[in-house]
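Protein chains in written order, with our numbering: chain A, 8 to 75; chain B, 8 to 75; chain C, 8 to 75; chain D, 8 to 75; chain E, 8 to 75; chain F, 8 to 75.
Just so you know, the hints here were simulated from the structure itself, not pulled from any lab data. The beta carbon of each residue, even a glycine, is placed where N, CA and C say it ideally should be. Among these hints, one or two may not hold up.
What the hints assert, rightly or not - A short list of chain B residues far from chain A (calculated; beta carbon distances all over 12 Å):
(1) E18
(2) G19
(3) P22
(4) K27
(5) G31
(6) V37
(7) V39
(8) S55
(9) I61
(10) E64
(11) T67
(12) S68
As the list claims (entries may be wrong) - Straight line, CA to CA, 20 Å or less: simulated DMTMM-like cross-link-like pairs of lysine to aspartate or glutamate:
(13) D:K27 - A:E23
(14) D:K42 - D:E53
(15) A:K74 - E:E18
Protein chains: 6
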Amino acid sequence: MPYINIKITDEGVTPEQKAKLIQGVTQLMVDVLHKNPATTVVVIDEVSTDNWGIGGEVVTSIRNKQKS
Amino acid sequence: MPYINIKITDEGVTPEQKAKLIQGVTQLMVDVLHKNPATTVVVIDEVSTDNWGIGGEVVTSIRNKQKS
Amino acid sequence: MPYINIKITDEGVTPEQKAKLIQGVTQLMVDVLHKNPATTVVVIDEVSTDNWGIGGEVVTSIRNKQKS
Amino acid sequence: MPYINIKITDEGVTPEQKAKLIQGVTQLMVDVLHKNPATTVVVIDEVSTDNWGIGGEVVTSIRNKQKS
Amino acid sequence: MPYINIKITDEGVTPEQKAKLIQGVTQLMVDVLHKNPATTVVVIDEVSTDNWGIGGEVVTSIRNKQKS
Amino acid sequence: MPYINIKITDEGVTPEQKAKLIQGVTQLMVDVLHKNPATTVVVIDEVSTDNWGIGGEVVTSIRNKQKS
Chain A
8 MPYINIKITD
18 EGVTPEQKAK
28 LIQGVTQLMV
38 DVLHKNPATT
48 VVVIDEVSTD
58 NWGIGGEVVT
68 SIRNKQKS
Chain B
8 MPYINIKITD
18 EGVTPEQKAK
28 LIQGVTQLMV
38 DVLHKNPATT
48 VVVIDEVSTD
58 NWGIGGEVVT
68 SIRNKQKS
Chain C
8 MPYINIKITD
18 EGVTPEQKAK
28 LIQGVTQLMV
38 DVLHKNPATT
48 VVVIDEVSTD
58 NWGIGGEVVT
68 SIRNKQKS
Chain D
8 MPYINIKITD
18 EGVTPEQKAK
28 LIQGVTQLMV
38 DVLHKNPATT
48 VVVIDEVSTD
58 NWGIGGEVVT
68 SIRNKQKS
Chain E
8 MPYINIKITD
18 EGVTPEQKAK
28 LIQGVTQLMV
38 DVLHKNPATT
48 VVVIDEVSTD
58 NWGIGGEVVT
68 SIRNKQKS
Chain F
8 MPYINIKITD
18 EGVTPEQKAK
28 LIQGVTQLMV
38 DVLHKNPATT
48 VVVIDEVSTD
58 NWGIGGEVVT
68 SIRNKQKS
C-alpha cells in the first residue's frame with residue numbers, strides 16, 4: 008500500500024527510465040518491507056529547471072554555468 | 008482551512024468533472040469536519056500515464072494491454 | 008488509481024470522522040471519474056496548529072484569539 | 008536540508024519571480040533555522056486555474072467573475 | 008537533485024529498514040538517471056493506519072478483519 | 008491562494024521559529040507575486056532524522072558522525 012512520489016527535473020527522462028524507476032521502487036518496497044506490489048503506487052513529477060532551486064539558485068542558471 | 012491534493016492520471020478529465028471534484032471534496036470537509044469552505048483549498052494534479060505506476064508497471068502499458 | 012492527500016489540523020478528529028472522509032472521497036472518485044475504488048488511496052495528515060499558518064499567522068494564535 | 012514545495016496558479020509567473028521565490032525561501036531557512044543553503048531544495052508547482060479550487064469553486068470561474 | 012517522498016503505514020518499520028529504503032532509492036536514482044547522490048533527498052512519512060484508506064476502507068479496520 | 012509546504016527535520020524547532028517561517032514565506036508571496044495573504048496557506052512538516060536521507064545516508068547517522 009505504499010505511495011512513492013519521485014520529483015525530478017524534466018531533462019529528457021525516457022519512458023524506459025521511468026519504467027525502471029517504477030519497477031525498482033516497487034521492488035524495494037517488496038524486498039525491504041514485504042509490501043504488496045499490487046497496491047504500491049509510484050508517481051513521477053517532472054519539474055521544469057526554471058521551477059527547481061538548490062543552494063538558492065535556479066537549476067536553469069546552474070545548468071547554463073555548467074555548459075559555459 | 009483544509010488542503011486537499013488529488014492526484015489522477017491525465018486521461019481526458021473535463022473542466023466539469025474537476026469542478027465536481029472541487030465542490031464535492033469541499034462539501035465533505037464542511038459536512039464531516041465543519042470546516043470553513045472559504046479557506047478550504049483543493050489542488051488537482053493530472054499526471055501522464057507514463058509517470059504513474061501501480062503493481063510495478065507503468066499505467067501506459069497497463070492501458071495498452073487493456074485495449075488489445 | 009487516484010491518490011488523495013487530505014491535510015487538516017489535529018484538533019480532535021475522531022476515527023469515525025476519518026472513516027467518513029476516506030469513504031466520501033473514494034466514492035467521489037467513483038461517482039465523478041468512474042475510478043476503481045480498490046486502488047484508490049487516501050492519506051490523511053493531521054498537522055499541529057503550531058505548524059499551520061494562514062494569513063501569515065500561526066493557527067495556534069488564531070485559535071487563542073477566538074477563545075478570548 | 009529543508010525541502011520546500013510552493014504551489015501557485017500558473018498565471019504568468021516570470022522566471023525572475025521564480026528566482027526571487029527560490030532565493031527568498033532559501034534565505035529564510037538560513038536566517039530562521041541556520042540551515043545549509045547548499046542542500047536546501049525548493050520546487051515550484053504551477054497549477055492550471057482549472058485545477059485549483061477555493062471555497063468550493065474553481066479558480067477559473069472566480070477569475071471570470073472578477074473580470075466581468 | 009531528486010526528491011523522493013515515501014509514504015507508508017506506521018506498522019513497526021525499523022531504523023534498519025528505513026536506512027535500506029533511503030540507500031536503495033538513492034542508488035536507483037544514480038543507476039537509472041545518473042543523478043548526484045549528494046543532493047538526492049529522501050523523506051519517509053509514517054502514517055497511522057487510522058489515517059490511511061484504500062478501497063474506501065480505513066486500514067485499521069482492514070487489519071482487524073485480517074486478524075480475526 | 009498559494010500553498011507552501013516546508014519539510015524540515017524535527018531538531019528542536021521552536022514555536023517562535025515556526026511563526027517566523029510562516030510570516031516570512033507569506034510575505035514573500037505578497038512581495039514577489041502580489042498574492043492575497045488571507046488565503047495563503049503554509050504547512051510545516053517536522054520529520055524525524057531517522058526518516059530523512061541525503062546522499063543515501065540517514066540524517067541520524069550523519070548527526071552521530073558530526074558529534075563524534
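Status of each hint after checking the structure:
no.: 1; hint: E18; verdict: holds, 14 Å
no.: 2; hint: G19; verdict: holds, 18 Å
no.: 3; hint: P22; verdict: holds, 22 Å
no.: 4; hint: K27; verdict: holds, 22 Å
no.: 5; hint: G31; verdict: holds, 22 Å
no.: 6; hint: V37; verdict: holds, 26 Å
no.: 7; hint: V39; verdict: holds, 22 Å
no.: 8; hint: S55; verdict: violated, 8 Å
no.: 9; hint: I61; verdict: violated, 5 Å
no.: 10; hint: E64; verdict: violated, 7 Å
no.: 11; hint: T67; verdict: violated, 7 Å
no.: 12; hint: S68; verdict: violated, 8 Å
no.: 13; hint: D:K27 - A:E23; verdict: violated, 35 Å
no.: 14; hint: D:K42 - D:E53; verdict: violated, 26 Å
no.: 15; hint: A:K74 - E:E18; verdict: violated, 47 Å
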